[in-house]
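*Asks:* Chain order of the listed sequences is A and B. Residue 380 in my numbering sits at position 307 of the first sequence, with consecutive numbering throughout. Residue 143 in my numbering sits at position 132 of the second sequence, with consecutive numbering throughout.
If you're looking for bench data, these hints aren't it; they were derived computationally from the structure. A quick note: this is a predicted structure, and the numbers were derived from the prediction, not measured. Beta carbons: idealized from backbone N, C-alpha and C, even for Gly. One thing to keep in mind: the hints can contain errors.
[Claimed, not checked] BS3-like cross-link-like pairs, simulated, lysine-lysine; straight-line CA separation at most 27 angstroms:
{"id": "1", "chain 1": "B", "residue 1": "K158", "chain 2": "A", "residue 2": "K413"}
{"id": "2", "chain 1": "B", "residue 1": "K152", "chain 2": "B", "residue 2": "K193"}
{"id": "3", "chain 1": "A", "residue 1": "K416", "chain 2": "B", "residue 2": "K152"}
{"id": "4", "chain 1": "B", "residue 1": "K158", "chain 2": "B", "residue 2": "K123"}
{"id": "5", "chain 1": "B", "residue 1": "K158", "chain 2": "B", "residue 2": "K193"}
[Unchecked claim] Pair by pair, the computed Cβ-Cβ distance ranges are:
{"id": "6", "chain 1": "B", "residue 1": "E134", "chain 2": "A", "residue 2": "R77", "range": "17 to 25 angstroms"}
{"id": "7", "chain 1": "A", "residue 1": "A515", "chain 2": "B", "residue 2": "G143", "range": "51 to 59 angstroms"}
{"id": "8", "chain 1": "B", "residue 1": "R149", "chain 2": "A", "residue 2": "R660", "range": "45 to 53 angstroms"}
{"id": "9", "chain 1": "B", "residue 1": "A55", "chain 2": "A", "residue 2": "L103", "range": "46 to 54 angstroms"}
{"id": "10", "chain 1": "B", "residue 1": "V34", "chain 2": "A", "residue 2": "R77", "range": "37 to 45 angstroms"}
{"id": "11", "chain 1": "A", "residue 1": "M430", "chain 2": "B", "residue 2": "V15", "range": "52 to 60 angstroms"}
{"id": "12", "chain 1": "B", "residue 1": "K193", "chain 2": "A", "residue 2": "L485", "range": "50 to 58 angstroms"}
{"id": "13", "chain 1": "B", "residue 1": "E127", "chain 2": "A", "residue 2": "V364", "range": "43 to 51 angstroms"}
{"id": "14", "chain 1": "B", "residue 1": "V34", "chain 2": "A", "residue 2": "A571", "range": "27 to 35 angstroms"}
{"id": "15", "chain 1": "B", "residue 1": "A241", "chain 2": "A", "residue 2": "Q419", "range": "58 to 66 angstroms"}
{"id": "16", "chain 1": "A", "residue 1": "A423", "chain 2": "B", "residue 2": "R149", "range": "29 to 37 angstroms"}
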Amino acid sequence: MNRRTVTALVINDLRQLARNPRVLVFAVALPLVLWPLMWFLTSLTTERRQERIESRTYRYAVADEAASVAGAAEARMWLERALAVVGDDGRADGEPTDGPAIRFERVEAPDDVAAALDEERLHVHVAWEAGGDEDPSDGDVDQETVGKAGETTPRIVLSHRADLDASDSAEGFLRRALERTRTELREQRLAAAGFASAPDDLLPLERIETASEEQTSGLLLGRLLTAIIVMMMLAGGSIVATDALAGEKERGTLETLLTTAASRVEIVTAKNLSILAVAFATSVLNIVNIVVWMQLDLIAPPAGLTLVIPVGAGLLLLLLYAPAAVLLSSSLLLVSGRSKTYKEAQLLFAPVMLVAMAVAAIPVLPGVELRSAIVLLPIANLGVAAREILTGHYDWPLLAAAWAVTGGAAALLARASLRTLSAEKLITASELDAADLAGGPALFPRRVARWFAALWALLLVWQLNIGGGIDSRLLISINMAIFGAAAWLMIARYRLPAREALSLRAPPLGAWLGVLIGAPAGLVLADGVVRLASLAMPIPEAWIEAMAENMGAGLPLWQMLIFFSLMPALFEEIAFRGVLLHGLKNRLTTLQLVLIAGIAFGFFHVDLFRIPPTSLLGIFLVVTVIRSGSIYPAMAWHALHNALALGSARLEQIRLPEQPAWWHYVLALAATLLALRLMSRVDQPGTRRRGG
Amino acid sequence: MSTVQVEVEGLSKNFFDPSRGEVRAVQEVNFECRGSEIFGLLGANGAGKTTTLRMISTVLQPTAGTARVLGHDVASDPVEVRRNLGFYSASTALYPRLTARETLTLFARVNKYPAERTRSRVEEMIERFGLGDYAGARIEKLSSGMKQKVSIARTVVHDPPVLIFDEPTVGLDVLNALDLQKAIQELRDDGKAILFSTHIMSEAERLCDRIAIIDKGRIRACDDLEGLRAATSQHYLEDIFVHYVTGDNTTE
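One chain only, chain A, in its complex shape:
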């Protein structure tokens, strides 16, 4: 890559932007003023509204007929006491405050209460009814009904208009005053009867906050930081991204650029750098702008938020967000490249922003930890990581994993945007090639990754939302149904020859011996991988217990074998060693095929701690199918592997050693290699080897 070329292209992009006053005003300058102004106006409006509410005189009326009701004297007493304290809503801890003195003025009771409320001659109407005819626990008693329904105690009824600000406020003040009066009265009566009068006398409570101020503030900042940064980066980056490819295409300068000696990599790098530079600059401008407004006391930060990040944490965050920034800029560039016009690019940015914001908002959710499947979700993982860093938790292996996952996704998207730039549809009207036109089996290899990506996203959402919340048998059944249905859909949609796609062929006889040797040996190796991974990611006890629970520890053995051994062996093999392998086999080298298809299988076990051993199993099963040319040994291996894993957890006789020696693993490795060798069809003439 030529640095001079990239620099020239970046300068060109920035120069184009700097000389576009309309874009600068509307996309950069105006938001700088508008965002804080909106913030300022919102708080100003709230303040003014509060002032008006507190300064207004509210008109109330008492129903004429109320005087004749039994217990009217008591009801009047309640109302007078409430009016004496109205507006003093008290603090959450029950201590009185210097609340605003709300003025209530009694007016004559109107004949038509509804009309008076509507015309605002009256803000709240008070009536009372004789008590004793309804049980207070009856669900029909609404919130405006105050007082104990009894033989002599009346029920106070407040009428108001919720859609009129003054009426709604008047009712709120009066109701809260009545509720408070009721509580005080109850406490007085309890005290008179010899019970403790104050709640603290009954059970004193004290709260001690052990988190430091930085940690509390860090939690608040950490929840919001990623969403704010993503929003700013997208808003800033889209200014350049729209013009980067879609604008150039529309103007006709893209073809000019593509016929120069600048390579596609140089062009994509330059475009990404331009997007990043502008996104970074506008984000910094916006942050500085908000800080300045805060310093000038024109806007107030959220309560408890301190905008101070330690230098070390700040640098780490900067490093952490780097792949997210590349991911965002590449997504914007990809959208721009796929759009035919400037306008289309602007339209397509909306869903990208929506998805990115939804993912970036995940750190706001309580209970989401980095040490979970969330580490596999780009951007969201960095958001949760940032939240943990800001609260002083540094989970280094998981931080590295989150960085790598988002970095990997960024690299994939950068590659996709590079391919977009090489695509002929940038220049020609035709968007199709031979495979597109032919459709069916010819197109499937190009679509298989999308199908499995969608399947993975579906499974992730399903697992995160349902998890262990339902019966494990149902969970497995639904998972398997998803795999089975997806495999069937792919075969039907692309008219794949089922026998070929699923490798439904008789394997060599040696393959069965290979299964008998390989499955137990592979299980020992998987155990080794778990132990190795746990050095970096210690497995929590709670996870092991939940795993035992999810794997149906209480189920009869035959059910466990069906749900945890036979069903996965059938449906997962059809999906992964059937259609996935079939789709990828002609696009990858054998080594790539084994690693990608194997590890993809691991990632579908969205639980973080299960990914390493299941990836290893996936690799063995892919090799099994490639070498034997048949899916059946892989099914048998999978079933036996799961059965042995279950058995190892339940039966003393086949339990794996607690502390295996190194030679156990060496022996298992040798046995596995032997098993995989036995799968080979090399010696059988007329058979075709897959892969490569």
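Model the placement of chain B on the given structure of chain A, informed by the hints.
*Replies:* Positioned in the frame of chain A, the structure of chain B alone reads:
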């Protein structure tokens, strides 16, 4: 005799269209172009001229066959191919907010012209194409004639030995078209190998040293004007063109 700068062998390009199916835009095209030569591709609209030139400029990938520019293969060495050619067409636009001088500097840089000579080369181009008074003005402010001059200047600013002009006079008035033709002839005299596509007979007749008549993606004839006249017994290029396009005389 100058050396061969562009070699095209069996070049083919198929497009795929949902309504028309597989469209063979260019089929087994063969020709070569030498230095100090204007090689014309003469054909009607949709004959395959632009597709052929886009394959040579590496914007499109050939379905079959090869093309080499100064020995560099378009498929395996596209950057080196593009470094050695300048591509001009009616659809290649300029950045409207750059000045003429900035435009020339940008294209010299992205075409990897030596850094130490960029400034002097840009000034040389400004002087050669009479852009001096407008060199600091933004492209969007220039007249179409001036824009055309900047376009030619940016095509040759990195001094490529091969130039492609794809229907360059489309949309130009007569005077601007003549200016452009004059510039192309001067570039030929400088030793450049020039591929020139057009559907205007008079233009091809006036400019081209050799002409390839292309129809439905195939080259029907390829020779100098005298050779074509002798082969068809027709004097005017228009008649020669009709002879090849409506007849069945294919030169392979």
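*Asks:* For each hint given before, does the structure comply? Return the numbers of the non-compliant ones in rising order.
*Replies:* none
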